[in-house]
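Engineer: Listed below are the residues making up each chain.
There are 4 protein chains.
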Amino acid sequence: MRNLRVAVVGLGRIGKVHLETLLRRTAGVEVISVWDPRSAKAEEAARSGGIPSVGKSFSEILEADVDAVILCSPTDTHTEYVIAAARAGKHIFCEKPLALSLAEIRDAIAAVEAAGVQLMVGYNRRFDPNHSKARQMVETGKIGAPHLLKITSRDPAPPPPEYCAVSGGMFLDMTIHDFDLARYVMGSEVKEVFARATSLVDERIGQSGDVDTAVITLDFENGAIGVIDNSRRAVYGYDQRLEVFGSAGMVQIDNTRHDTHEFFGAEGTQRALLHDFFMDRYREAFAVEMGAFVESIRMGREVPVTGHDGLLSVAIALAAKKSVADNRPVHIDEV
Amino acid sequence: MRNLRVAVVGLGRIGKVHLETLLRRTAGVEVISVWDPRSAKAEEAARSGGIPSVGKSFSEILEADVDAVILCSPTDTHTEYVIAAARAGKHIFCEKPLALSLAEIRDAIAAVEAAGVQLMVGYNRRFDPNHSKARQMVETGKIGAPHLLKITSRDPAPPPPEYCAVSGGMFLDMTIHDFDLARYVMGSEVKEVFARATSLVDERIGQSGDVDTAVITLDFENGAIGVIDNSRRAVYGYDQRLEVFGSAGMVQIDNTRHDTHEFFGAEGTQRALLHDFFMDRYREAFAVEMGAFVESIRMGREVPVTGHDGLLSVAIALAAKKSVADNRPVHIDEV
Amino acid sequence: MRNLRVAVVGLGRIGKVHLETLLRRTAGVEVISVWDPRSAKAEEAARSGGIPSVGKSFSEILEADVDAVILCSPTDTHTEYVIAAARAGKHIFCEKPLALSLAEIRDAIAAVEAAGVQLMVGYNRRFDPNHSKARQMVETGKIGAPHLLKITSRDPAPPPPEYCAVSGGMFLDMTIHDFDLARYVMGSEVKEVFARATSLVDERIGQSGDVDTAVITLDFENGAIGVIDNSRRAVYGYDQRLEVFGSAGMVQIDNTRHDTHEFFGAEGTQRALLHDFFMDRYREAFAVEMGAFVESIRMGREVPVTGHDGLLSVAIALAAKKSVADNRPVHIDEV
Amino acid sequence: MRNLRVAVVGLGRIGKVHLETLLRRTAGVEVISVWDPRSAKAEEAARSGGIPSVGKSFSEILEADVDAVILCSPTDTHTEYVIAAARAGKHIFCEKPLALSLAEIRDAIAAVEAAGVQLMVGYNRRFDPNHSKARQMVETGKIGAPHLLKITSRDPAPPPPEYCAVSGGMFLDMTIHDFDLARYVMGSEVKEVFARATSLVDERIGQSGDVDTAVITLDFENGAIGVIDNSRRAVYGYDQRLEVFGSAGMVQIDNTRHDTHEFFGAEGTQRALLHDFFMDRYREAFAVEMGAFVESIRMGREVPVTGHDGLLSVAIALAAKKSVADNRPVHIDEV
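Protein sequence lines correspond, in order, to chains A, B, C and D. The numbering of the first sequence is my numbering, which starts it at 1 and goes up by one. The numbering of the second sequence is my numbering, which starts it at 1 and goes up by one. The numbering of the third sequence is my numbering, which starts it at 1 and goes up by one. The numbering of the fourth sequence is my numbering, which starts it at 1 and goes up by one.
Hints may contain errors.
Taking lysine-lysine and the BS3-like style, the derived pairs with C-alpha atoms no more than 27 Å apart in a straight line are [claimed, not checked]:
1) B/322 - A/191
2) A/322 - B/191
3) B/142 - D/322
4) C/191 - D/322
5) C/142 - A/142
6) B/322 - A/322
7) D/322 - C/322
Which chain A residues stay away from chain D? Per the calculated CB distances, all over 12 Å, these [to be verified]:
8) 57
9) 106
10) 115
11) 187
12) 204
13) 260
14) 298
Hints were generated in silico from the structure; no laboratory data involved. Just so you know, even glycine gets a beta-carbon here, dropped at the ideal spot from N, CA and C.
The following block holds chain A by itself, in its conformation from the complex (with noise of 0.2 Å):
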C-alpha cells in the first residue's frame, strides 16, 4: 500500500511535536510539505526534516498533491481550515479544540460529512499506552460496573495571562483533554457538570477572567459520577492520574516519572521527579495517535476520535464554564 502524503499546517509548539512525529516515528507517511504564516519557520522544519516543500498560503497547500492536512494553527482558524481541507477532499486531523463555539464546530462536521472525507480531532491522551489500559479494563468488565472516576490533571506552568484570555479559557483549553479523556476512558457520555472554579496560580489569570485552580463534577448516562481536579501549576511537575472505581474493583493509572530510582537518605528517601510536560510525558501517545490517523486513512477505517467527538468535548466544557457563572449544576443540553 501507497505511503499517506500529508502536508502540516502551523509550526508552534504542538506542530512541531505532529512534525516530528511524522518524520520520526510514524510508519506509512510521508510529509509533502508545510505551512506557516511565519515562512521561517516552515523553511527551517522543512530543510532540516527533509520536507520537498513550502507552502505559501494555506490554499497552496490544499493544491498539493497530498492526502490529509495535518491542521496545528491557532484555534480560530480550525473550522475555517476544516472546512475548506474538506471542500479539497483532503483528509484532516485538527488539533484541538475544533473551536469554541458549537455552532462553528457543526458546520465544520456539516461539511467533513459532504465531502465525505474524515475528521479526526488531536485528543492524545487516549492513546497513551496507561490510559489505554484504563480503558480496556472498563470495557472488559474487569472493575464490574464503573461507579466513580476520577481525574487529576495539572500543568506544570500557566501560560501567559494573555493567553488565557484568548483561549476560551481554562476549560476549553486545558480540561478540555480531561472532558474527553472522561467520555473516552468510561465509554458513556457526559449528562450534567458542577464546576468549581478559582484563581489560586496568578491573580492576573483571575483578573483577565480566567480561572487556574478547578474541581469539576460530571453525571454520566451510565449512572456513575465522575470528577476532575484542575491547577495551572503544580511545582513538581505534569500531575496525570486516573482512577476508574467499579462494582468488581478499581484501576488506577499512576503518573511516569523521569526514571526509577530511589535514594535513600538521613532525611528521608527521594524519588525522581514527574515528566515535565505534555511533549515528555505524551511522547510515546502523540507516536500512537499519528499512527493511527496515518493507518485510518490508508485502510479507509473510521478514525478512533471524530468530529462528533470533537463536538462533545466543547459542549462539557461549554456548560462547565456556565455552572461556575451561574453557581448550579448545568444540563449539556442547555449549551
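Once you have looked at the hints, place chains B, C and D on chain A.
Structural biologist: Below, chains B, C and D without anything else, positioned relative to chain A:
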C-alpha cells in the same frame, strides 16, 4: 498524677474497640465500670477485662466514682447522655455524630459549657499518624498555600439497608468522618457544599431514601476547593486516601496494606490487599485518640476535638443532604 | 485453661521489650517475677508493671512458682541458665545466640531434653507477618522450586566497638538473625558458606578484629543459592528486605516505613524514612513470638524455634567466620 | 559537520536493533551499507531501510566509503573483523564480548591502537538513563563512600542449550553485561571474584557444561563488596535492578514496567509486568549508546566504552568461571 477513672457506656462494635483500647493500650486510665442495656454484654466485658463494676442503668453510672464517661451508645441517646453526664460533673468522650440535628447539639454544648466539663467527639481519623503527617505539612507551610484537597473514603461493604435508614444516611454516618478530616487537615472552615450522590451499590439503600456513592465538593474559607468521593462498597477493602495540593507542593497519604509483599508471577505482580476495615486500619489511631482524651483531662488542657467540631461536621453533612435534594450548592449558613 | 506463669531474667534493652510485650500484648500469661543483677532495674520494672515479686538471684527465680523463664541475660550466661532452669523443670525462652560455641549449646540441649522441658530461641524475625508471608509462599509452592534467596539486613548504627569485641563478632551477633531467617524461609538447610567481609563503617571495629560490612553466599541442600548483605550503618534507618526467586515466580518483602506519605516538591518526591530499629520494625513480631511461646507451652505443643534451630544458626555463623579467615568456602560440617 | 557514514555488519537480533536505531533514532549518521553472509537478510534490510548499498563480503564493506563499521557478527568473528577494520582505517563499534580469550582481545586492541582508530564495545546498559542516574549519584558523592553494590539480572528465558555450549557460557554471554555495569557504576576495578553457580532452570544447560543460576561476589579496589545474582529464566519478565549502598545513603534502580496501572480487586492488587526483554527494556539505552558512538567519532573524542573495558569484563567472566571450577575465590590477575 493519679489515673483517670472512666466508665464505658454502650458495648456495640465501637464500644468494644474503645474498651479494648482503654484496657490494653492507654496509659493513665482505669476502667471502673461498664454499662449496656444488654446486660450480658456488660457482664462478659467486665469479667474478661477485670473491670470492678457493672452498671445497672445509665444513671447508676453517673453516680459511680468516675471522672469521665465514654459514650458509645446509639446516636439518638448521645445528647441526652451528654447533658446528664455534664450535669453530673463528668467529662465526656462521645462517639460521632453528636446528634442528627443542630439544635440538639447546641443544647448539649450549652450543658457542657454550663457544667464546666469537657466534651471530646470521637473523630478518630485525626489521630492516624499518616493523616497527622498531612496536617503537619499543611500547618508548617511545607505545601505552601493550600489549593486543593482530595479525600477518598470507601467502605468495604455497606451496612444493612435498615441501618442506613435510621443512621441519618451516608453523609451523617460515614462521610461525616471525611468532613471532620477535611476541616482538620485544611485548618480552614467549609463555606459551601455541592454533593452529587446516588445509589449504585445496593438498590435497597436507594429505596430506603439513602445513597451509597457520592462526590462532594467543598469550598473553604481560605479559598481552596475540596472534593470527597465515597462508596459504601470497595471490593478490595477499606480505601482511605488523602491529598493536599498547594502552591509549593503536594502531600499524598496512601493506604496501608496487610503486609509489604509483592509477588511477581507470569501474569503480573500482586501486592497485599488493603486493611479490611476501620478496626485494623485505625487501630493505632484509636490508641492515640484515647490517649489524647485521657491526657487532656488529666492535664486540664482542652481536648483536641471539641463539641464545636462535632457541631460543624454535622452542619456540613446536613448541607450535603440538602444539596442532593435541591441539586444546587448549599451554603453552610443555610442549615 | 490457666495462665502461664513466667519470670523474666535480665532487663537490658531486649529484656524490657519482652517484658512490655508480656505485660501489655500477650494473652494467657502472667509475669510473676523479674530479676536483674542491677536490682534497681528489676524493682523499677516490677513497680511500673505491677509484677508481684522481684528475685534476689537467678536461683531464687527458679524456686518461684513459675512455669517458664524468659532469659534475656548476657550471652555468656545463656547455657548455664538454660541448664539450671531445665533441671528445675522450667520451660525456657532464651534470647539468641544460645552461646558462642557449639559444644556449650549441645550441652544445653542435652539438659533440656533430659528434663523433658521445652526451649525456644528468640529469633523474632520468623514472626514478622511480612516474613511469614514469604515463608508461606515458598511452602505452598507459589514461587515453584526456590532458586535464589536474597536477604538485606542493615542496622542503623553500629554498637560500641568494645561490644563488637565481646559479642562474638557481627556474624554471631547480627547476621545470626539472617542465618535463621534464611533457614526458616527456605525450609532447607545450609550446606556451605562463603563470606566476604570487611570494615568500612568504623575503623575501630576492624581494629577490634570484627567486621561491619559483608556479603555471604549460602548453598542450600535443596540446590538453591542464597546471599545475605549486611552493614552495621545505614544512614536511612533499619533496612530489612528479603526476596525468594523460584521457578514459578518471586516474592519480595519490602521495608516498612514510618508512614505512608509522599511529598511532591519542586526538587523531587519524598517518602517517609524506614523504621528506626528493631523495636519499631519488629514490634508486631515480638508480640506474635511471645504469643507463640506462651501458647505452645500452654497447649503442650512443640515450640516453633527449637534448641536445634539455635544450634544451626550458630554453626552457620562460625562457618562464615572461618570462611573470612581462610578466604574460601567452608562446609557446615567443618565447624 | 558532515554525517558519519557507517556500515552495519551482521543482521541477527542485535544487528537489527542497531540498524533500526541508526536509521530512526540517531542524528548525524548515515547507513551506507549492510552485510550479512545470509544475503537475503541484507537485501531486505537495505530495501526497507532505504540503504544505498549491500556488501557482498566483509572485505567489500571495508572498501566502501564509510567512516565506521558496526560489528554485530558472531563473537568468534569479532577480533578478526576488528583487526581488519582497524587496518582499513575504520572506526569500530563492536558487540560484546570482544572475544572469549584475553589473548585475542589484546591482539585486537593492539591493532586498533596501531591504526589510530577508535573501538567502542557494545555495553548498552551503561546508557540506560536509570543506570546513569546511579552512576551519577556515586560519582558526585551523593551516597558517600560506596560500601556495597547489588545487581540483579535475570533473563525471561534461556537461550537454546546448544547456544549455551558455544557462547562461552552464562558468565561470558550474559553476566558480562553485569560485570561491565559493576565497573561503570562503581568507578572502581574488580580485584577478586567468587562465583557460586548451578543449573536449576534447564538440566540440558547443566549437561552442556554451562550454568543458569548464579551468585557472584566481587571485591573492588576501593574496598567495597559487590554481588550479582543471575537466572536464565524469570517467569515474570526481564528483571534488571541495581543498588549502591554507601556511607551517606543508598540509590536503588527499580525495574521498568509495561505501564503504570494498578488493579485493585478482591484478591489483591495487581500491577503491570516488567518489560519482556532487552529490546524493550533498553530501547532508550540503545539510542543513547549509538548517539554517543556517532558523536564521539564525529567530535574526535574518546568513545565512552573502550577496548580496555571490553578486555576487563571478559577477564572478570573468566575469573568467575575459574572460581566455579575450583570452588574458591579467584584473583583477577590469575586469568
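Engineer: Give a verdict on every hint.
Structural biologist: So, going through the hints one by one against the coordinates:
1. B/322 - A/191: With Cα atoms ~21 Å apart, residue 322 of chain B and residue 191 of chain A stay inside 27 Å; holds.
2. A/322 - B/191: holds, 21 Å
3. B/142 - D/322: violated, 56 Å
4. C/191 - D/322: holds, 21 Å
5. C/142 - A/142: holds, 24 Å
6. B/322 - A/322: Distance of about 22 Å is within 27 Å: holds.
7. D/322 - C/322: holds, 22 Å
8. 57: holds, 32 Å
9. 106: Its Cβ never comes within 12 Å of chain D, the nearest being 37 Å, so this holds.
10. 115: holds, 34 Å
11. 187: holds, 17 Å
12. 204: Non-interface label on residue 204 of chain A holds, nearest chain D Cβ at 35 Å vs cutoff 12 Å.
13. 260: violated, 4 Å
14. 298: At about 17 Å from chain D, residue 298 of chain A clears the 12 Å cut-off, so the statement holds.
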